[in-house]
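Read off the chains here:
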Amino acid sequence: MTTVDYLNVSIHGYACELFVNGAPILRTPVDTPYTAIPSVGEWLVSGDNEIAVRIDAIAPPTAIVDPLSPRRLIVQRCVGPLGEVVPAGEDQVVDGLTFAPLPDDPPPTLPHRVAYNFRLPPGPTWAWQTAAVLSLDMATTAELFMFLDALHADLVEGDIPGLLSRQKIKFAELAPLYGTTPEAARAALEQQFSELAKDGAWTVAPLRHEEVRLHLCCGGRVIEPRSARDDGPVFRGLAADGNAWSLPVFISRIDGMFEVVR
Amino acid sequence: MTQRPAPRPAPRPAPGKTPPAALRSNAGQPANKPCATCQKQQPRKVPPCDFDKLEFSCSHCGKPGKREIVSLAFWLDQGRGMIMTNRVNSPNPRQPKVTDRFEVIDPDTITVKASGGPGYSPGHPTLTVVPPASLGTTRVLRGPSHQVAVKYEPNWFQTRLNKVNQLGFFVGLRQFFFPPAAVWQFAFAACGARPAPQRKAFYGWKHKVAVYPPDIFKIGLSLPSVRKKERANSSGTEGKVRYDNSSVTDTRGMARTSHSVKEEMRTSSNTELYRRTESVGNSRGTVTQTQQLGTIRGRDYSSDRYEGSDAPDSRKLATAKSFTFTRNGKDWTSSFKAAEFIEFVFTIRKQVLGLIEFFKALGRKMPKIGWSFSVEVDVCAGSLEYEWGYKEWPKNHTVYRYYKLEVSLTVVSAKAEIAFGLELLSAKAQVYGAVTGELKITGTREANPDRTGPAATISVPPTVGGEIGVRGALGDWVEVVGKINAGFEGAAVIELAPFSLKANLDLSEGKGTFTAKSKLLFSVTKSATLWDKRPIWAKTIL
Ligand SMILES: [Zn+2]
Ligand SMILES: [Zn+2]
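First to last, the sequence lines map onto chains A and B.
Under the UniProt record's numbering, the residues of the first sequence are numbered 1 to 262, in order.
Under the UniProt record's numbering, the residues of the second sequence are numbered 1 to 542, in order.
Next comes chain B alone, as it looks inside the complex (with noise of 0.2 Å):
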């Protein structure tokens, strides 16, 4: 606290820290002050005027299912020469201390109540009120007892939203996460007198309000499963390059009724193009969606397309369709370019199939072995709720941010099919084999300032499978020792209040120990690198 209790003021108070001005008695003369008629008689006398407690409420206090507290009062106590109160603080032991301000969700009304004392000069004790100063100004109000009505920023919401589509999608959504208290400053005095033998004095005491919107937000996402599939194989001839066709058909729904993916691949000696068309329709209409990743003659020719079959705006609908953002229940989804999102977990896509051209470049080094690779991924697949906002503590005079997750999303999963020849001991051999690696993220998260527990991180790593293995040249053999490592390495990480989503997806380094088995010579048994660790992405989705 700190805030301490004031020694009993000399006659003269010192200046600055008196309250404002009294009213003007009738004479015309300031109320504290000896008329200029006796000012030569009487020595000056400051009547007594403090109080012994201070309380500060909102209407929410007291009231069964809102808050617990009556008030948050701070009161003097002569004996120990301190300021008491009876804040309740939280049993949240990574949180052992509350703030001192009071805070509340708009639209509230604070009353703040002096108690007890040895009185008052006229016009005495005052309560200052400083409103932000986009809310008012200041004002200062005359007795023991006030109610003030207190607000947050009325427009902010229209404020941001405007700025969505300039900010962008992320930093557009982003501004809605928690934002900052308005904050409400509360000055209340009186003059600190007090008869003797009464030591300390109550004097003065400054509070802070701090109010917070009452909005309640919710960002869905509903993104269907399309799992990508990219292979190329050497078929024992080098630089040969066959790239093949796929069609996919996928009618698990979330929101949607159908859902159809057609890829196509095809590659000459200068071109190599991936197109993929997926339609995704339901009671809103059909959107289509094509993505092209290709390259002739070394230009790119990557594009996405969305064609919507009853929409003016295809991009508005196709984000509908796996986006969607609410404010107390109303849909403002259409405020916001969600393509931009849908375009983001293309990139992504993109990066992960990458893979395919580290492991073609390792593949060429030893083009005589057969060499072939598939690549699978499928990134940000699934569902994601999240709502969040602020809300009143009920156990004492603080505000918490409230959130709740429900989640069961694919960030991503990739799997990677690889054979390809390689140097290993000085003697040529071939790694095969297939790794997985998949980040899912799944469960119902809501916070509760009350428990001690969990922390609002959820981190997952991804689960990994598959297995690779060596083959030497036929005579001597190749055993291993152990294991092969391999595979993907990584982590999702959702941070709850705000809400954030990172993910991280790495190949890890291909490694082991061999024993090239002779059958003349000595076995020799080395560790070795297969391939190096290649990072894959790192991203913050959300």
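Only chain A is shown next, with the shape it has when bound in the complex (with noise of 0.2 Å):
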């Protein structure tokens, strides 16, 4: 049976972003409930490990009174079966980290960060860790545009195996850690594709540069875009069946070259 590393996070009242190993994995409203499962094998290394916190906002005492819906920043490490569902309350907690103030406690600073370090026995290396730690001066930045425009374009065009081209790494290593190939992966794309395009349905949204957010994370041998107006990702569009599309990505230098790594 493959195994998943997952969190289970569970926020309330804190707008917050959630980082493993400097990879943001999600980010929280401060006025509404945020729970969810997100696997993270792909941003776990040998060794020393550090998941973190960042505290951007918090709602005032008086927003939060309902007993069943509190107050709570709850971040778990657990492990569990892949492709099940486990019920909320009966996850494997490895270990974690909570954040709960006492009520006379003075107001953290923000952003206030919250974080623990874990020992994970050796594993594989992923391409990220060993990939150039980039700055973004203009030349790194226009070069990052235009692999950006490339990848658009393979999604205006409808393209998937210029598309998975340059996705090679990413399918590569993460394909073992949730139990198929990347060969099965990439022909689930290309029937996920023409599913989702069928009757023309597939649109893509323009790729503005000037709202394009580059995010510098894994102590920066990562790149994130996300778009400036909603912090989501910056490949998206329309697609069959009421549906909308996104394409998140993390992209790395690897030997002189821009790739997609997760």
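These are computed hints drawn from the structure, not numbers from a lab.
Do not take every clue at face value.
[Unchecked claim] Below 25 Å or equal to it, Euclidean Cα-Cα: the simulated DSS-like pairs (lysine-lysine) are:
| id | chain 1 | residue 1 | chain 2 | residue 2 |
| --- | --- | --- | --- | --- |
| 1 | B | K360 | B | K415 |
| 2 | A | K198 | B | K428 |
| 3 | B | K97 | B | K391 |
| 4 | B | K526 | A | K198 |
| 5 | B | K53 | B | K208 |
| 6 | B | K151 | B | K229 |
[Claimed, not checked] Sample of chain B residues facing chain A (criterion: CB under 8 Å; computed from the structure):
| id | residue |
| --- | --- |
| 7 | A133 |
| 8 | A361 |
| 9 | P367 |
[Said to hold, decoys possible] Okay, the calculated beta carbon distance ranges per label pair:
| id | chain 1 | residue 1 | chain 2 | residue 2 | range |
| --- | --- | --- | --- | --- | --- |
| 10 | B | T347 | A | A184 | 55 to 65 Å |
| 11 | B | E489 | A | D48 | 42 to 52 Å |
| 12 | A | D48 | B | K428 | 27 to 37 Å |
| 13 | A | G220 | B | A427 | 49 to 59 Å |
If you're wondering where the values come from, they're calculated on a predicted model, not measured in any experiment.
The beta-carbon is built from N, C-alpha and C at its ideal position, and this holds for glycine as well.
Take the two lone chains, each set in its own frame, and fit them into one complex as the hints suggest.
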């Protein structure tokens, strides 16, 4: 049985961003409860690891009064069987962090960072771990936008082989982690695309450079482009059956070339 | 105003508009007819007979602390050719015009007084008083000023009370909410003859006097909080359902000193049984109510049984503890079979608990994902006192619907804890969490016809809470975009004159927008419905 490393996240009353070894996993709104169980194995490394939460905003005390939807910030690292629905409350928790200041504690200076470290036995070394450390200078930024434009063009043209050619590392590293092979995953993507694009329903939102924010993460070895409007993926559009699609990407420079690593 | 001044009549007044025949003269002739002997010599003369002003008042008019007005007056303005009035309208912009009719509370005496004018024919003017058929016969009174005793149907309360059992609790009770007035017709008349050059005459005036019953009623509801909880869970195995036993003892008191509840739940392959035994005790004794909800091999074994420790009619005692009805301070509660009311509450509870069947049906669709449900409900807990009756409004000649409401009542409070599997975005997922909804009315409200508001309606939306989450299978993961819309909706509405309490509570549609976050494929975002809206109940409670 393949097991999955995932986080059981339950946050209410805090606008935060959650990181695993510097990779952004999710962001939470300040005013609505957030629960999710993202799997994070592709960001875990041999030896020392860190899970961190950056708190950007805190809801006022009067905003959260419902005992069935209390204020909390809980992140638990769990393991569970791949492809199974683990009922809420039955997660197998390894470790985790909670942020629960006492009512009398002075409010933290924002942004406030909460983190913890844990050690893992030796495992695979991911491409992003040894990727070049980047700085977002003009040359790098221009080169990166050329890469994003090329990805965008593949999506606009529906050129899935072209798209896949820029995601080789991602497919190679993630397929075994999630119980498949790169070949099977590529076939699944082709199949999914033909369903999303049926009846000419596939559209791709324009990629406006001025609306793209480049986030350096994982010590500068990974870049995540996000929309300046909503912090969401820059590659997105509409698809058949009332669906909207998106493709979050994490990019690294591997052997001098940009590649989609996650 | 519908009545207009009449033009000065021609020498021969129009038939039908004349006042009743005058007294006969000593000569045996009708008083306003020329005698037979001089009939041919003299042209017919109509003697002046009219009045300038007509006033209505009751025994409370002009009395300090009673009615500020001295009278409701109507007078003839020759210059404008109009009948004028001193009628005081309401300052309430919702009700700018008040009725012309004179309104009083039983018993009262109406004074009708005419003044001014050129004088009257012998025996004129007349006042014709027509009471409602059951309250006497038509009388004709002569002269310009009269005092007339008016009343309401004297046996109305007893008559309606006798019908209570036949009508049932709710309809029976509603009979006493503001019964219609007894309307007396007053017709004041003169000949309307005036000397020239007066062009207009008052002539006659018809007026209604509305008499209302004097009774002040009060109902009280004092209902213990009885949280009922039902649980079911799959323990991971399809079809195996377990029920729990629970016991609650509540000593918070209204008019009682002890209160205990014992609950038992049992199921087997063909049996579902729920039994609740509730004991309420106070200085007037103890009543034990045993309610059972159950099906055994498909047959309904629901029942409701009362046992009183010291009362020959235990239902009446149970009633007396939850419901009171008084009229002018005297207790008439025992005339009502309010056990019907308790049964009604029981029925609502049953309806709310039907939620568990609703969720169970959802859970059965994907039995491999563990499911569990717990529904907790409290129906009609708290207290309500409503006092009502008619009162004369001090500022004018009308009667208003007096009421006073003091309420702290949880009409319904429901909490559902759920967890079940479903298919979301073409993948299996689990929906879990808790939703709560509470319809609670608290406050005091008293009728004030002087004030411009608020309206005699209280509407309360439910207080909702809880949180619903969704999780998919491990690997790709589900993120909720925004918030899952789930919970309860509805309203409790109290009308105050007459009283009614209506409430409805529905489980709102469980709906949200979800992103299936894929590790290797495109992530897909779509709105999805987790469950459909389910009306739970909508009822007029009183
Ligand atoms: Zn009066
Ligand atoms: Zn006359």
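Task: Pairwise beta carbon distance, B/E489 to A/D48, judged against the given window 42 to 52 Å - done: With a Cβ separation near 51 Å, B/E489 and A/D48 satisfy 42 to 52 Å, so the hint holds.
- [ ] Confirm or reject the claim that A/D48 and B/K428 have a C-beta distance inside 27 to 37 Å.
- [x] holds (36 Å)
Open item on the list: Holds or violated: the 49 to 59 Å window for the beta-carbon distance between A/G220 and B/A427?
Closed with: Given a distance of about 35 Å, which is not inside 49 to 59 Å, the answer is violated.
Open item on the list: Verify the CB-CB distance for B/T347 and A/A184 against the hinted window 55 to 65 Å.
Closed with: Given about 57 Å between the Cβ atoms, the range holds.
Open item on the list: Please verify whether B/K360 and B/K415 have alpha carbons no more than 25 Å apart.
Closed with: holds (15 Å)
- [ ] Report holds or violated for the interface hint on B/A361, using the least CB-CB distance to chain A and a cut-off of 8 Å.
- [x] violated (19 Å)
Task: Supplied contact hint for B/P367, tested at 8 Å Cβ to chain A - done: Violated: closest Cβ of chain A sits about 12 Å from B/P367, beyond 8 Å.
Open item on the list: Would the hint linking A/K198 and B/K428 be met if the CA-CA limit is 25 Å?
Closed with: With Cα atoms ~24 Å apart, A/K198 and B/K428 stay inside 25 Å; holds.
Task: Proposed proximity, A/K198 with B/K526 (alpha carbon, max 25 Å) - done: holds (17 Å)
Task: Straight-line alpha-carbon gap B/K53 to B/K208, limit 25 Å - done: holds (17 Å)
Task: Hinted pair B/K97 and B/K391, Cα distance within 25 Å - done: holds (18 Å)
- [ ] Decide if the proposed pair is consistent with the structure: B/K151 and B/K229, CA atoms, cutoff 25 Å inclusive.
- [x] violated (54 Å)
Comparing the model with each earlier hint shows violations of hints 6, 7, 8, 9, 13; every other hint is respected.
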